[in-house]
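Q: At position 302 of the sequence shown (counting the first as 1) the number is 302 in our numbering, and the numbers step up by one without a gap.
With a straight-line cut-off of 30 Å between C-alpha atoms, the simulated DSS-like cross-links for lysine-lysine are:
no.	residue 1	residue 2
1	Lys203	Lys35
2	Lys29	Lys160
3	Lys29	Lys255
4	Lys146	Lys35
5	Lys37	Lys238
6	Lys203	Lys37
7	Lys146	Lys255
8	Lys160	Lys37
9	Lys146	Lys37
10	Lys35	Lys160
11	Lys35	Lys255
12	Lys160	Lys255
13	Lys29	Lys146
14	Lys238	Lys203
15	Lys238	Lys35
16	Lys160	Lys146
The following label-pair restraints were derived from C-beta to C-beta distances:
no.	residue 1	residue 2	range
17	Glu178	Arg222	13 to 23 Å
18	Gly343	Glu121	45 to 55 Å
19	Gly27	Gly313	26 to 36 Å
20	Leu356	Arg222	33 to 43 Å
21	Arg320	Arg252	15 to 25 Å
22	Thr127	Pro299	26 to 36 Å
23	Arg84	Asp326	14 to 24 Å
24	Arg205	Ser231	15 to 25 Å
25	Arg346	Gly182	23 to 33 Å
26	Arg98	Thr61	16 to 26 Å
27	Pro251	Arg230	40 to 50 Å
28	Gly141	Arg84	44 to 54 Å
29	Asn191	Leu356	19 to 29 Å
Hints were generated in silico from the structure; no laboratory data involved.
C-beta atoms are modelled at their ideal positions from N, C-alpha and C, and glycine is treated no differently.
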Amino acid sequence: MPSPYDVLVVGSGPAGGTAARYAARRGLKVLVVDKRKEIGVPVQCGEYVAHNDEVRAIFPTVDGLEDLMEIPYRVREVDTPVIRVWSPRGRRYDVPFRGFTVRRDRMDQGIAAQAADEGAEILTETTVTRLHGDEVETNRGVFRAKVVIGSDGPRSTVAKSVGLEWPVSAPAMSATAEGDFGDATDMFFGNLAPGGYAWIIPKSRCANVGLGTWQHFHGNLRELFDRFVRSRHLEPGKATGGFVPVLGPPPRTVKDNAMLVGDAAGMVMATNGGGNNVAMIAGRIAGLTAADHLLDGTPLDAYETRWRSAVGGPLDQGVRIKRLADRFFGSDRLLEVAMVLIGRRRMARAIRCQRLILPSRAKAL
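Throw the hints in and build the complete structure from the sequences for me.
A: As structure tokens, this is what we get:
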């Protein structure tokens, strides 16, 4: 059996690659394993990243964003200054929100390269089957690690192995469509995407188009997707599907010697489906906490406190808004009325996972 690693990271997406980068920067012996032949392929993401200014407004205690987000900015494609929110009857609400699109494969590969530059080892085509104490069983044999970071998606093998809950997730599907789509991100609500929304996210000479539903959906996702792209006169390429966390993180994301991060920990903003920024913020916290644990004796449970302090508030608020919205998703008529009553300004707050009614306004009412 090979000599033990300090940290073994399962999954080399934005969360896992970032965790490996910052753990290795502290001098730890780090191994990253990813089941895919090529990191970042196939793409299963809307490929959207919020601008650092938006991140600062939503998560005001998070600093060091220029260093953290270096790769996403390096591979940015289209700057998107506005999100167009479409009601079931076609009413449009333009919500100013600064973001940009990326080539997700290049982003994941770039972050993995950063981790390797810091000294981390990267193994592809390596599937983790079980975690037992400090032993990590894979198709390539058994590795030993003092700390394991699970960034292996919402159906995490790491979580299952140590007895942590999977986040509540819903099915989604996306593909790339060729064409010129301008610079606005579009979100379409209604029964075309029950309990969720469809999207068109512009990229360079193409767009990421997709559709996500809610956790109770048991229909044919492919039929919904095909119906949506036909309604927009799109001809996308091959679609890929997966699961997206929709109701926030589970109660615990740390147990024994394992931490969960990114989609494995349900770290997705429930009102907009965005997870890249949060994944990288939490990935950095996971990597640095692993280093503090191994070098200074800090309890690994500190990770739970740290990431919840940094990003937990808006994530929880997003879930509260999502649960409120779920009451209207069964009827296009009710949803249309609700969107009119909410209006553009409160939609902007919802997209940012902020309270729909300010505290001072709530007291006045």
